[in-house]
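Model the placement of chain B on the given structure of chain A, informed by the hints.
Number of protein chains: 2
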Amino acid sequence: MQRYLSLIEGALSEIFDSLPARPKKLHEAMAYAVNVGGKRIRPIIAMASSEAVGGKKEDALYPACAIELLHNYTLVHDDLPSMDNDTLRRGKPTVWAKYGEPDALLVGDALQALAFATAARAPRNVQGIIAILGEKALGVVEGQVEDIAASGDADYIYTHKTADLFIAAAVMGGLAGGANEPQIESLKTFALNLGLAFQYEDDILDNDGVCDREETLKRIETTTSAALKALETLPGDTSFLKSLAEKLKTRLV
Amino acid sequence: MQRYLSLIEGALSEIFDSLPARPKKLHEAMAYAVNVGGKRIRPIIAMASSEAVGGKKEDALYPACAIELLHNYTLVHDDLPSMDNDTLRRGKPTVWAKYGEPDALLVGDALQALAFATAARAPRNVQGIIAILGEKALGVVEGQVEDIAASGDADYIYTHKTADLFIAAAVMGGLAGGANEPQIESLKTFALNLGLAFQYEDDILDNDGVCDREETLKRIETTTSAALKALETLPGDTSFLKSLAEKLKTRLV
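Heads up: the sequence lines are chains A and B, in that order. Counting from 1, one number per residue, gives the positions in the first sequence under this note's numbering. Counting from 1001, one number per residue, gives the positions in the second sequence under this note's numbering.
Hint data in this document are derived by calculation from the structure and do not stem from the laboratory. Heads up, the beta-carbon is just placed ideally off N, CA and C, and yes, glycines get one too. Each hint should be verified, as a subset may be incorrect.
Said to hold, decoys possible - Some chain A residues close to chain B (C-beta under 10 Å, calculated; not the full set):
| no. | residue |
| --- | --- |
| 1 | 5 |
| 2 | 6 |
| 3 | 10 |
| 4 | 11 |
| 5 | 25 |
| 6 | 31 |
| 7 | 32 |
| 8 | 119 |
| 9 | 146 |
This is chain A alone, in the form it adopts within the complex (with noise of 0.2 Å):
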């Protein structure tokens, strides 16, 4: 874990500081978005979805920087007055609490924009790293409209705002570490799979009354043992995604 964490953090360091020196101000908002504590478990993803078709992890580190600067940027956006209104993130201001609402929705902008940058600086298969990349963060947007909507379609919105950047992240690890097309289907399903076990855990945690519990921890089951299952045909180290896997099976039985 903590191999993955020193080279993302770093990473990302590197690719703040090396952002013109103006506007300061927004470039400080930006870190200041992507810094306030998440887990960076999509970066991981990516990182180990090369290991796991035999490529290296740092093969997939700017792939890596780019889902963490993309999932940044649509916190940003969900936490503005007009869509969730939150003030505060992980015990802390949110960017708009903090920066101001026009402020708040430039950074979003900018996150996104800085995302297909540092994307596109894999070293192979940069046409097929953009296109999942693009694909996917329309399709949390897509996800996000729904849900605004009540549409009461949980699994189209657990399987865009949730599995979209979760699928990103394991193709474009997978395609940066030299994967073929099967071991790219393997990773889909993998990720979509561990994407949907984790929005059902979050449902029990948060037992926000809508879900319920057995229901749940059978689809808990079934799509943990479906992500497991897409490993087993892939070559390289897959370890540390297994473990991503069953972690999240074991934590709620």
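For chain B alone, kept in the frame of chain A given last:
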């Protein structure tokens, strides 16, 4: 002109038609944002830049659509209540006035994602194309932050708010058409100066009292000459780019 426009409109329609079925409202609002009557100057610059380096205009078709999608996302977000609070653009309701503020935020976010996914469909040099699009998409936001902060540094704001997307259009088009490094530098010089001339002209047409007419006309002359000079080094058909720069100069004098 019409040769470019029919290709661009056809490709934009194809892009919107191939979005997923859901959520219909989001995709309708995205198409509305992009089809409210823009002049398509940036995508035309992209296609003409491919021709200017000896490529085909079709090579730059997806980068051309990408820059138009990106430009329109910036307009959708600029119009929001927390920014310029505009209810009309080109005589029609702005996206937030028509679809509400949350959806307008998400329409902008989705258009930016779609812009990058579209640029990645270029036939060659995708890494360089995404790098310049990412850099200049960030630059536009930087310009907007300084504009809001009223730093008074007009050249910084003009360079980033206007010229950056002209540069991205020209460089993406050149890269898609197979340009080499010196040709890319010439396209950058051309587009920077064209963008500045374009913005100076706007100042005069707006006649907003801030500008010194004589001084501004002199700047239009200088930047237009620099733009035309940069074209002389290019090996392909520069006639359209040349006429574009000359038209700017002659509209005012």
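Hint check results:
{"no.": "1", "hint": "5", "verdict": "violated, 25 Å"}
{"no.": "2", "hint": "6", "verdict": "violated, 25 Å"}
{"no.": "3", "hint": "10", "verdict": "violated, 21 Å"}
{"no.": "4", "hint": "11", "verdict": "violated, 16 Å"}
{"no.": "5", "hint": "25", "verdict": "holds, 7 Å"}
{"no.": "6", "hint": "31", "verdict": "violated, 14 Å"}
{"no.": "7", "hint": "32", "verdict": "violated, 14 Å"}
{"no.": "8", "hint": "119", "verdict": "holds, 8 Å"}
{"no.": "9", "hint": "146", "verdict": "holds, 5 Å"}
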